[in-house]
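Engineer: Here is what each chain is made of, one letter per residue.
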Amino acid sequence: MKKQLKRFGSILFLSGAMLFFGCQTEELTVSDTRVESGIVHRHIDFETFSKQFPKPAEKLLEQNEKTSNKMQRGGVYDPLNDFTILTDYIFMAVRDGETYFTFGISREEQTFAGLENLLLVPDGQGGFSPLLTQYNITESEKNQIAEGVEIQDLENKMAVEPLDGVDFGGVNIPRGDDGCWTMTVSYCSADLHMGGLYDNGEDCDGHTEIVVSFGCSNEGGNGASGPAGPGTYPGTSTPGNGTGGGGSTAPGTGNPSPGNPLDGNQDPGTGGPNPGTGGGKKPIITGPVYIPHATNTLFTFEFYLSSAQRSWLNLHSVQRQLVYGFVAANHYNQLSLDFAYPAVDALMEGGEVDFTYRIIKDDSFKNNPCLNSVYAQLGNAGTFQNYLKNFDGSFSVANLKLSASSSLDDTTNAETSSPENYLITITFNTNKLNRPALSIARTFIHELIHAEIYRKLLSVAGSPSISLTQEQIIQLKNNYPGLYDYYMRFKWNIPSGQAPTNAQHEAMAQHYRSIIKQALREYDNNSQSDETYDALAWVGLEDTVAWNNLSQSQRNNITTTIDNFENSNSNCN
Amino acid sequence: MSKYLIFFIIIGFTKSFSQINKERVVIIFDSSKDTFIHDIITVDNQSFKYIAKKKTKKKINFISIKDDICTINDLNIKIAKKIKPKKKSEFYYSDFFDIYIYIKDKKKSGQLYPVEKVWLVEKLIKD
Numbered sequence: 362m363k364k365q366l367k368r369f370g371s372i373l374f375l376s377g378a379m380l381f382f383g384c385q386t387e388e389l390t391v392s393d394t395r396v397e398s399g400i401v402h403r404h405i406d407f408e409t410f411s412k413q414f415p416k417p418a419e420k421l422l423e424q425n426e427k428t429s430n431k432m433q434r435g436g437v438y439d440p441l442n443d444f445t446i447l448t449d450y451i452f453m454a455v456r457d458g459e460t461y462f463t464f465g466i467s468r469e470e471q472t473f474a475g476l477e478n479l480l481l482v483p484d485g486q487g488g489f490s491p492l493l494t495q496y497n498i499t500e501s502e503k504n505q506i507a508e509g510v511e512i513q514d515l516e517n518k519m520a521v522e523p524l525d526g527v528d529f530g531g532v533n534i535p536r537g538d539d540g541c542w543t544m545t546v547s548y549c550s551a552d553l554h555m556g557g558l559y560d561n562g563e564d565c566d567g568h569t570e571i572v573v574s575f576g577c578s579n580e581g582g583n584g585a586s587g588p589a590g591p592g593t594y595p596g597t598s599t600p601g602n603g604t605g606g607g608g609s610t611a612p613g614t615g616n617p618s619p620g621n622p623l624d625g626n627q628d629p630g631t632g633g634p635n636p637g638t639g640g641g642k643k644p645i646i647t648g649p650v651y652i653p654h655a656t657n658t659l660f661t662f663e664f665y666l667s668s669a670q671r672s673w674l675n676l677h678s679v680q681r682q683l684v685y686g687f688v689a690a691n692h693y694n695q696l697s698l699d700f701a702y703p704a705v706d707a708l709m710e711g712g713e714v715d716f717t718y719r720i721i722k723d724d725s726f727k728n729n730p731c732l733n734s735v736y737a738q739l740g741n742a743g744t745f746q747n748y749l750k751n752f753d754g755s756f757s758v759a760n761l762k763l764s765a766s767s768s769l770d771d772t773t774n775a776e777t778s779s780p781e782n783y784l785i786t787i788t789f790n791t792n793k794l795n796r797p798a799l800s801i802a803r804t805f806i807h808e809l810i811h812a813e814i815y816r817k818l819l820s821v822a823g824s825p826s827i828s829l830t831q832e833q834i835i836q837l838k839n840n841y842p843g844l845y846d847y848y849m850r851f852k853w854n855i856p857s858g859q860a861p862t863n864a865q866h867e868a869m870a871q872h873y874r875s876i877i878k879q880a881l882r883e884y885d886n887n888s889q890s891d892e893t894y895d896a897l898a899w900v901g902l903e904d905t906v907a908w909n910n911l912s913q914s915q916r917n918n919i920t921t922t923i924d925n926f927e928n929s930n931s932n933c934n
Numbered sequence: 049m050s051k052y053l054i055f056f057i058i059i060g061f062t063k064s065f066s067q068i069n070k071e072r073v074v075i076i077f078d079s080s081k082d083t084f085i086h087d088i089i090t091v092d093n094q095s096f097k098y099i100a101k102k103k104t105k106k107k108i109n110f111i112s113i114k115d116d117i118c119t120i121n122d123l124n125i126k127i128a129k130k131i132k133p134k135k136k137s138e139f140y141y142s143d144f145f146d147i148y149i150y151i152k153d154k155k156k157s158g159q160l161y162p163v164e165k166v167w168l169v170e171k172l173i174k175d
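In order, the protein sequences belong to chains W and B.
The first sequence begins at 362 in the numbering used here and counts up one residue at a time.
The second sequence begins at 49 in the numbering used here and counts up one residue at a time.
Bound conformation, chain W alone (with noise of 0.2 Å):
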């Protein structure tokens, strides 16, 4: 039995190896050496991207309109290649008039366990050209690199191809006269520039710089440098020390089979004296654009501030004490990051943020007079605020964010969006607060039902967003009986022909009017009849079953009753 299954795990340990290096199939020949050069190194944003340079800038953002209603925070997703390309912090080096831009991009499967990288390479006719540049290095070279401190050997590590995928409008990337793409890799240097950290739109004044040779079409003739030795990626044998870069049309003489350097399995070159970099086609630039992904650290949170949000708080301390006080206190989870990078956002227009409820009130929410004191008087509803406290941090799945607009349609009160980065916003129409205050505090409970409904399908689904599978389906019924229920019998399930209904218009016209009620009579301490608050609480659930259960006097008797209320109480605007 051992043998057989001894047997059985060679066969397993052969097949896993079989398919870890099938999977290395990359085309690539490095050389080495290092040289001084006037380029330009700078770190920029989406926004001063798009407005230097339009063409490619309207490339990322018509992908994004294929793939998503909004721009993701921080990055356009390439269906094609499976990537996010992140678009808040890119490299931009320039040299003689050539611009040459480096996104970072994230996979939400990782297969390679470096570095990738977008470069973006203008191709002399006004388009660029993309190619992958993958660095295999470990997660503390990672952070040398966002540290601006020099990584070993970083020539040796580096791959290059090709990239289908998003079409920036490039028909080629130029080779040099010796068949080679020859590329500097820069990187801002810690000691000679400030730790190497620098802000968008600041140049970096020192950089390291390291130029190697890739697919060379006329392999072997360029003297290239050796290729990769067994087991090695892409491995070089020992680099060069000429200056390259110079316009040499001299090949060198390095060994003519340089393999390919991915594989691993070819015979080492013997490496060859340093290239020239051929036929005076200058060298692509690029450098290893390391954007920390979800890794739950004060580094992450900061990375993905916009240059104002720091600005903002480097310059309002109380703000900055609380803001960073809360994404600390949560570990700085991706809940709470989702959280406060909006927060910061209202804080900076005047807004108010709630980081005990999670609750953000924008400028346009607070700046409403009406809105405001409902929602401070609500605040003494004990209802209402059970409600919001399931928003609370220490057991919430979702953000609640409260906004009002002037241009929302004319027949609706407000409207409450389903959870986006975990937040869920409810916004008010301005044009509709010509109500009294407990029909906008009606509203308000209304909608809070909403969003509480939303938080525990966020709860199931749990991302960012809801989309349910089956398994998910499954876990709703048993954790949520009854919105399993009314979902499957009012949106997902209906029977062919008969037209979807709102669910939770469904779910809340049967269980919660005496919810909304209850809310009420807090709100106002009782002030009106049982039957003001009856009839209160059935607005907006007129298109239900259980509306449409009641006879039609009984319908006109609510109608009567809220019409009555609105003329003989004052509003609330």
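None of these hints come from the bench; they were simulated from the model.
Some hints could be false.
[As the list claims (entries may be wrong)] Using 25 Å as the maximum straight-line C-alpha spacing, the simulated SDA-like pairs for lysine to any residue come out as follows:
#	chain 1	residue 1	chain 2	residue 2
1	W	Lys412	W	Gly458
2	B	Lys171	W	Thr772
3	B	Lys107	W	Asp528
4	B	Lys134	W	Ser857
5	W	Lys750	W	Lys878
6	B	Lys155	W	Asp528
7	B	Lys171	W	Gly843
8	W	Lys852	B	Ile120
9	B	Lys136	W	Gln836
10	B	Lys81	W	Glu419
Remember, it's a predicted structure, so these values are computed and weren't measured experimentally.
Take the given structure of chain W and dock chain B to it, following the hints.
Structural biologist: What follows is chain B alone, placed relative to chain W:
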């Protein structure tokens, strides 16, 4: 010890066979009417989520999938032949099918996305 080993092997094989027994089907993405928003692909009013964590998409030639091509309607008919569904057919997709969506990127090749049926909720509720 060996009893436990046999037990786990049986469980493993059962699990494997249950996967194998699922029929592989490929739905063609029509860019003129279908949508791919973030990781949600909607084809013929059915929403699917790209399941990158379980499998990865791959580039393939159209010819290699042509025998597996199905429409949403085909899936529903297949389900109806297999069982007498108590719920709508899409609730049984994951019981019977390994679903892929093919998105053409060149004339004869494209990307094959492994997907899973998902149910969405209202993006916005107006009151």
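Engineer: Now look at each hint and say whether the structure bears it out.
Structural biologist: These are the hints, each one checked on the structure:
Simply put, Lys412 (chain W) and Gly458 (chain W) have alpha-carbon atoms about 17 Å apart, close enough for the 25 Å limit, and the pair holds. Proposed proximity of Lys171 (chain B) and Thr772 (chain W) is supported: the alpha carbons are some 18 Å apart, at most 25 Å. Of the pairs offered as hints, the one joining Lys107 (chain B) and Asp528 (chain W) holds, with about 17 Å between alpha carbons and a cut-off of 25 Å not exceeded. Distance hint between Lys134 (chain B) and Ser857 (chain W) is fulfilled; the C-alpha atoms sit about 13 Å from each other, no more than 25 Å.
With a C-alpha separation of about 19 Å, the suggested pair Lys750 (chain W) and Lys878 (chain W) falls inside the 25 Å cut-off, and the hint holds. For the suggested pair Lys155 (chain B) and Asp528 (chain W), the alpha carbons sit about 16 Å apart, so the restraint of at most 25 Å is met. Between Lys171 (chain B) and Gly843 (chain W) the CA atoms are separated by roughly 20 Å; this keeps the pair inside 25 Å, and the hint holds. Of the supplied pair hints, the one linking Lys852 (chain W) and Ile120 (chain B) holds, its CA atoms being roughly 19 Å apart against a limit of 25 Å.
For the proposed pair Lys136 (chain B) and Gln836 (chain W), the alpha carbon gap of about 18 Å is at most 25 Å, so the pair holds. Restraint check for Lys81 (chain B) and Glu419 (chain W): the C-alpha separation of about 23 Å stays at or below 25 Å, so the hint holds.
Violated hints: none; the structure is consistent with every hint.
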